[in-house]
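Q: Spelled out from the first residue to the last, the chains are:
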Amino acid sequence: MATLELRNVHKTYGAGLPDTLKDIQLAIKDGEFLILVGPSGCGKSTLMNCIAGLESISGGAILIDDEDVSGMSPKDRDIAMVFQSYALYPTMNVRDNIAFGLKIRKMSQAAIDEEVARVAKLLQIEHLLGRKPGQLSGGQQQRVAMGRALARRPKIYLFDEPLSNLDAKLRVEMRTEIKLMHQRLKTTTVYVTHDQIEAMTLGDKVAVMKDGIIQQFGTPQQIYNDPANLFVASFIGSPPMNFIPVRLMKQDGRVLALLDSGQARCELPLGVAADELEGREIILGVRPEQISLGAAEGNGMPAIRAEVQVTEPTGPDLLVFVTLNQAKVCCRLAPDVACRVGDSLNLQLDPARVLLFDARSGERLDLAASGTAIKDNVTRFKGR
Amino acid sequence: MTSPVDKPALNLSRIAIHAVLLLAVLLYLVPLVVMLLTSFKTPEDIGSGNLLSWPAAFTGIGWAKAWSTVNGYFLNSILITVPAVLISTAIGALNGYVLSMWRFRGSQLFFGLLLFGCFLPFQTVLLPASFTLGKLGLASTTSGLVLVHVVYGLAFTTLFFRNYYVSIPEALVKAARLDGAGFFTIFGRIILPMSTPIIMVCLIWQFTQIWNDFLFGVVFSSGDSQPITVALNNLVNTSTGAKEYNVDMAAAMIAGLPTLLVYVVAGKYFVRGLTAGAVKG
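Heads up: the protein sequence lines correspond to chains A and B, in order.
328 is the number that the working numbering gives to position 328 of the first sequence; each next residue is one higher, with no gaps.
159 is the number that the working numbering gives to position 159 of the second sequence; each next residue is one higher, with no gaps.
Among the hints, a few may not be true.
Output of the computed footprint for chain A on chain B, the stretches with three or more beta carbons under 8 Å from beta carbons of chain A [said to hold, decoys possible]:
no., stretch
1, 28-35
2, 125-133
Computed Cβ-Cβ distance ranges for the label pairs, DEER-style [unchecked claim]:
no., chain 1, residue 1, chain 2, residue 2, range
3, A, Ile213, B, Thr208, 54 to 60 Å
4, B, Ser167, A, Pro239, 38 to 44 Å
5, B, Pro169, A, Lys29, 58 to 64 Å
6, B, Arg103, A, Ser361, 52 to 58 Å
7, B, Leu79, A, Ser73, 23 to 29 Å
8, B, Pro169, A, Ala264, 53 to 59 Å
Stretch by stretch, here's where chain B covers chain A in the computed footprint (C-beta under 8 Å, at least three residues) [as the list claims (entries may be wrong)]:
no., stretch
9, 101-111
10, 308-317
These are computed hints drawn from the structure, not numbers from a lab.
Here the structure is a predicted model, which is why all the values come from computation and not from measurement.
Ideal placement from N, C-alpha and C gives every residue a C-beta, glycine not left out.
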């Protein structure tokens with residue numbers, strides 16, 4: 001049970017080399033589940049190794065329970081880690097694997113036996129205690145690796161992509177189990193993954209990383225609904241957010257985004273100040289589920305007709321791909337929508353929920369700052 | 001119905017292949033057969049018959065005389081080989097562990113330079129080694145010879161262990177460090193128990209090298225401290241009296257037996273260990 005705080009953590013592998021971690025700043029409360037997520041090479045595993053003490057940091061401080069541990073060796077930090085490869089000791093049986101850390105810490109044999117029994121019961125691996133890791137399946141090895149981490153009751157658990165070596169079905173099962181385990185034990189946890197679904201489902205807090213920089217740190221809902229930039233928006237969400245390059249038009253003091261499906265055009269009112277966007281290339285971001293099928297006679301919300309190019313029924317949803325402004329756009333519709341390739345659909349985008357990004361910098365352009373007028377509009381639309 | 005795999009066709013090319021192989025086997029076995037036959041003959045028998053003729057009567061006098069001549073040197077060889085093999089293997093394991101799991105700045109360069117040791121001909125180290133042994137006061141002693149063999153063998157043993165250990169995932173060491181284990185605990189409790197195949201390779205390699213060594217033996221030892229290879233040479237090269245080929249052959253067999261024994265006992269690990277690192281990549 002502990003809090004974890006990273007203050008300006010900085011890591012480089014030598015002068016002249018690019019920084020692996022830049023100015024990492026975050027804090028989580030006791031019992032929180034932190035996800036570090038990002039594409040490979042973004043520094044998330046390095047950051048985890050730094051927290052564990054397996055790698056030293058070049059600057060800043062790592063605090064556990066407000067105590068600076070950056071100079072401490074891994075064994076003094078009271079941290080346990082589950083590795084992607086599980087890293088079970090191949091010559092020891094499961095019992096000895098779990099007990100190894102306890103023996104090193106000179107616990108009494110009785111206490112060790114008790115602890116191994118507790119962990120084995122918790123993870124339902126009692127029948128495997130006598131086996132060697134080589135005789136276990138991937139899922140069982142995974143459990144043993146977790147058991148080894150649980151055994152010491154450390155202050156913080158670290159998980160380094162623990163599910164990536166499992167097959168898809170088992171991965172979903174274990175994900176739920178990890179979440180269940182965390183709800184029961186309430187131990188502060190840091191979890192590294194490149195899987196955005198794991199990030200969304202498991203985390204209390206998510207840090208999205210790229211190029212050694214935290215792009216955004218917040219709750220999964222904040223990251224999903226309110227992404228800080230184009231990268232975060234594109235990384236989180238499956239199917240991913242659609243990005244449509246748009247041209248802006250000013251009309252009666254309002255700013256309109258022009259959409260063109262090849263069949264029809266539509267002007268989407270946006271809540272932004274016009275001068276702010278003068279001469280900038282803008283990308284409009286909209287999640288697939290934020291595009292809906294408009295009623296035939298229209299409900300006041302702007303709609304556009306577009307030709308269906310591909311359909312992908314996934315079971316719970318029907319993914320329909322159309323083209324808007326030469327960009328492929330995915331729409332997530334109800335599975336019972338009858339549509340075939342070549343059909344024309346009347347699609348609606350909720351102007352209140354679309355996001356705007358600067359195409360050059362990838363920065364998010366804030367919609368909320370201006371447009372009170374558009375907010376009124378939207379309320380009116382919803383009211384109908 | 002019989003599949004073609006069950007009954008290979010007995011065609012001409014197959015017969016030819018086996019004939020050639022058989023011939024090669026015979027050719028390779030001839031020296032051993034000659035040695036064995038000769039060692040059991042009497043000197044008169046050797047003088048009268050040809051090399052491959054069956055002994056008129058099997059006699060152990062050659063073996064008995066050979067053993068009484070070389071047994072002291074046989075013991076010397078054991079006293080030299082066993083410690084030298086064990087020490088060089090132990091240090092090699094530790095070196096390999098450090099060079100693969102605890103890399104330091106310049107460790108790759110260090111390893112590269114160490115590899116040069118594998119290509120150094122014996123002859124080049126003779127003078128510096130004898131100078132060093134003289135300074136240490138170990139000239140012409142068994143310990144001195146052990147030291148030379150250990151140092152010379154380190155390049156090989158380090159190479160073996162390092163290449164074996166790089167295929168072991170680093171996460172194992174990380175996990176053990178988080179479990180609170182230190183440098184030697186990780187080595188002794190986790191890494192060494194996984195090392196059986198490569199230890200066997202190393203033991204066989206070093207045993208063969210050191211037991212069969214002649215040059216270091218003849219240069220760095222004298223008189224009663226000489227290893228069996230040197231004693232064998234002295235025995236065979238004596239210019240006084242009649243040549244006792246049966247004794248020579250028996251002594252040569254005695255000198256060769258221990259390496260043969262090591263191969264038989266540990267041989268199955270040899271190929272396994274040599275290929276273990278290569279396959280895992």
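Q: So, for every hint listed, does it hold in this structure?
A: Hints versus structure:
Remark: the stretch 28-35 of chain B is not confirmed as covered by chain A, as 0 of its residues place a Cβ nearer than 8 Å to a Cβ of that chain, below the required three. Counting residues of the stretch 125-133 of chain B whose beta carbon lies closer than 8 Å to any beta carbon of chain A gives 0, which falls short of the minimum of three for the stated coverage. Remark: the range hint 54 to 60 Å for Ile213 (chain A) to Thr208 (chain B) is upheld by a beta-carbon distance near 57 Å. Range check, Ser167 (chain B) to Pro239 (chain A): about 40 Å between beta-carbon atoms, so the 38 to 44 Å window is met.
For the pair Pro169 (chain B) and Lys29 (chain A), the supplied restraint of 58 to 64 Å is violated, since their beta-carbon distance comes to about 34 Å. The hinted range of 52 to 58 Å is not satisfied by Arg103 (chain B) and Ser361 (chain A), whose Cβ atoms lie roughly 39 Å apart. Here the CB-CB span from Leu79 (chain B) to Ser73 (chain A) is close to 43 Å, at odds with the stated 23 to 29 Å. The supplied range of 53 to 59 Å is met by Pro169 (chain B) and Ala264 (chain A), whose beta-carbon atoms lie about 57 Å from each other.
Beta-carbon proximity to chain B at under 8 Å applies to 3 residues in the stretch 101-111 of chain A; the threshold of 3 is reached and the given coverage holds. Residues of the stretch 308-317 of chain A with a Cβ under 8 Å from some Cβ of chain B number 0, which does not satisfy the need for three, so the listed coverage is violated.
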